[in-house]
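Visitor: Taken in sequence, the protein lines are chains A and B. So the first sequence is numbered by this note's numbering: it starts at 1 and just counts up by one. So the second sequence is numbered by this note's numbering: it starts at 1 and just counts up by one.
I should point out that these hints are in silico values taken from the structure, not numbers from a laboratory. Predicted model only: the values in this text are computed from it and were never measured. Don't take every hint at face value.
[Unchecked claim] Here are the computed lysine-lysine pairs in the PhoX-like style, where the Cα-Cα straight-line distance is at most 25 Å:
#1 A:LYS17 with B:LYS172
#2 B:LYS15 with B:LYS5
#3 A:LYS18 with B:LYS172
#4 A:LYS110 with B:LYS9
[What the hints assert, rightly or not] Chain B side only, calculated, beta carbon under 7 Å to chain A, not exhaustive:
#5 GLY19
#6 MET27
#7 PHE45
#8 TRP83
#9 ALA102
#10 PRO171
#11 PRO232
#12 LEU235
#13 LYS239
#14 LEU261
Just so you know, even glycine gets a beta-carbon here, dropped at the ideal spot from N, CA and C.
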Amino acid sequence: MARGFGLMIYWRSGLKKKELYWALLVFLAPAVLALILMRIIPAAQALIESLFKTNVFSGEKTFIGLENYFSLFANPDFQNTLFVTIVFALLVNPIQVFSALLLALLFVRKFPFSRFLRSLIIFPVAVPPAVSAVMWSAIYRPDGLANSILEALGLAPQGFILDQRQALMSIIVMLSWIGVGYWMLFLIAGLNDIPDEIYEAARIDGAGYLRQTVSVTMPLLIRPLSFVLVATTISNFLVFAPVLILTRGGPVGSTSLLMYDIFVRAYSFGDVGRANAGVFILVLLMITAVSLQFFLLRKGNQQ
Amino acid sequence: MKSTKLLAKSTRSSKTLIGIVVAFLFMLPIAWVFSNSLRPGSETFTWLDPLSWKTFFPDNPNFDNYFALVDTSLGQGIANSLWTTFLTLIFGLTLCAGAAFALAALEYRGRQLLFSLVIFSLLIPFDAIAIPLASIFKDLGLQDTVAGLILPGVANGMAIFLLRTFFLGIPKELVEASRIDGLGWFGVFFRIYLPLSKPALVGASLVLFLFQWHAYIWPLLIGTGDNTLLGPIALANMKSQYAVDYGMLFAGAILLSVVPLVMILAGQKYFIQSSATSGIK
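Bound conformation, chain B alone (with noise of 0.2 Å):
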């Protein structure tokens, strides 16, 4: 007995020493561009040879890369990302909860035909049909406009079958004795479903944030104005300049990676408990 207590405890601590070099390699390139924001640009490739601990430990680490940014179109275009995104993520909740709530609660005809056509949609792939819509958005005057950059996000499949996924969850007992108390189909939404459904929201929000923040292809097609170029883009063409600096460049890429990195670490367990229950089974 001893010894299987005894073995159980070296694999748990030789499992503990595999995490360590495996989390390790993953935060290296983190770890490498992190330290490199935190000295001057013209520094970021002198200490690589030979790769020493003063590779990512800087002498002096200082923010004066990030204050940089502030007057620089990347600035201006990740600013830009919080804007849209916020946007996406408040029209976006509110169509798929209301679109989702239609699907769970309300019963009419045609409610399965409905219901394929969300599953349809979510099965054409966003960025394979973006260049066609991307022309569709110009002829409609559309180019160059918050608008434009928003409103392919906020109609996502995905949260509107994880929301209906939820809500098909609560019980029809409590929306029959509201509505016979005189509840109107809207105070259910309000008073009863949204309120129980919080798991359900985090996660759908997660996904309409994510949708957004990572989106690269449509919003390279559809916004070039100051207003409109979102900060992955920015970054992107900073990147292509010819003569780069790799300290401000690299503040910018840990600005926008710690925006949605704080989103998920919020809403990780309910994401997980969302997409585990209604992706796969």
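Chain A on its own, in the form it takes in the complex (with noise of 0.2 Å):
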């Protein structure tokens, strides 16, 4: 009876265990999978080729180490590639972190019309990628509604994307408008999440509204100020299809952004090596970036 007993308790955690294979088997197995198919496989793949050089008629394959990295940094396209990228990366974030800074602090409190006007904000958000380069196509052309407004305050008609040192700036613009409002959110969330008592105490101690900006609601946000930086750096570095559809890296190559670079590399040269290499210099480009912002924040933390 008392052997039975025992083999009944392991029969059942046998089955127990059976069905915790079953489970893991049918709720991770084909996600994990595809992670790895999908995500690390062709990151490994990219790496890998990127020392390999192929031929575009017969597709053979050989080993020639680092020469593709070196002959694109010997590139002057590249060159100009790498210098706009990094002029652009510079740019376009303080200036998107710090308008969703400024429109947050605007928000976070509520006043008439607040929660109507944010979802205002919030609105091109919605709007694809692509599509709002195609609208912005429009708004930037000679006799477009960008001009039209220029022209009723009485300034002079610009370029923009046709003009070589505005087309940057007008890409920066466009992304701008597209992204401030969403990384405004994060923003909002954070503030929200420093305590009323804080505030309380630096009134009683005299604190202006600027003053409990500066001492109070900076340091105190600056988690969420990170991540914002963060995000927003990765999300620039990945920019492509404004360019292919609003300049294809013109005029004279001052819109050339890495991810286009790559993309052309690939598809109009066939050159798979060296847009692989590309890839590969663009991740590394990423972490370096991200890896500086954790590194002065740190450093702005312990001071």
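Take the two lone chains, each set in its own frame, and fit them into one complex as the hints suggest.
Guide: Pasting the structure below:
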């Protein structure tokens, strides 16, 4: 009897184990497999292929080490792409974070119509990036809405995306229009997490609004702010559709961002090796920028 | 005391004023595009010189441009976008919720390792690896198939992360009690975890939806056939044609924007909640 009962427990726990394995197979295996196949393997493949040279006609692959990287860095067009990408990153990310912060400070406390006005600012987030680019291509036309507004204000018409000196900034304005409302939401959530008592205490100590913002809000907002900075940095390194649709990298390479350069190398030139080297350089650039931001933020926090 | 109240009131109304100006600037491009989707394409740029109220208010607003889209590749593209996004949502939610459950509720060796794998995949920007992945998909014969379009979107690291964080908050006692009552893991998932996780499920749906609906580089590489050409690509193709009908182009742009807008407004509350609690902290 006792032996039978022991067997019974053994059998039941074996059953439980079996059920757990089944559950893992059904619940977890598909997602893990999909992530390995469609995120990790292509990333590894990009890294490996960047070390090979592929013959366009025969498809034959030869190992050439870091040759693709060296020839990219020696190429003046690619040097220009790197320069444009870095200038773009240094402009667009601070502009977006700062605008999102100003908007969050404006919209965090309720005022008449605040909810309605806030949702109008979030509206552009809904517009797919490619669709925004198509809209703004009409706005930036010489006879488009932007010049029409300038004229109504008594200002001279501008070239925008047709002007070498304005094209990059025109893209930055468009991207900020798309993204700023979205990043504002995260900062509003962060602002709401700051306890009211802290402001109460600051007010009793005689701090005005500006003083409160600088000495209370900013230090306590550092986490959501750094999250938004990192997230904008990553998403802005991946900007592609607006370049393809608005400028195709021009005029004179002034908007040749790295993602676009990689795409052209892979599809117009069929240069798989260097395109993959470009992918890896892009990822390295992102990792460098993000770690630099973390390093600076941590240093700023300690002081 | 009275003066501080008055001051607070005047700050509030000046905030409203600034808010109106900012919201007006943000809405200007969309208002212009919308108003021109309601008048013939031949008039798109004629009402800009000079700028007047007529720029934004057509004389005879009508939906002709929207109806004219039906037989075009752009109309077909929008229909394709709806279908592929719907499929991504159904399969993606099933896959991600299942994985999140296995990472939050089940106990086994290697769980932490598998979770690190999810986080690691989250760090690989999809757009950057789209080009090498597309060549793998071509070799597998997935070019120009609906499966090829939706597969990269169904396992979403962010959606898994969001759902797992929420699932971890469900009390273990609840699970243990129902296990003793003889409920299997599938029962625990369907009867306990899913019904309790509405906010996280809405948030994850929005993540999955926007990934697919806003995708550009992936469908550009994979979908070029009648049934796989997606809305945003069809729209950009139409714009680069020699003679562009801006009336129809803008009607398509509005349709492609309204769908995600409805989704975001419907899920906004849950989305902010869930991303604020799992994304930042």
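Visitor: Of the numbered hints stated earlier in the document, which are not met by this structure?
Guide: Hints 8 and 10 are the ones this structure does not satisfy, whereas the remaining hints hold.
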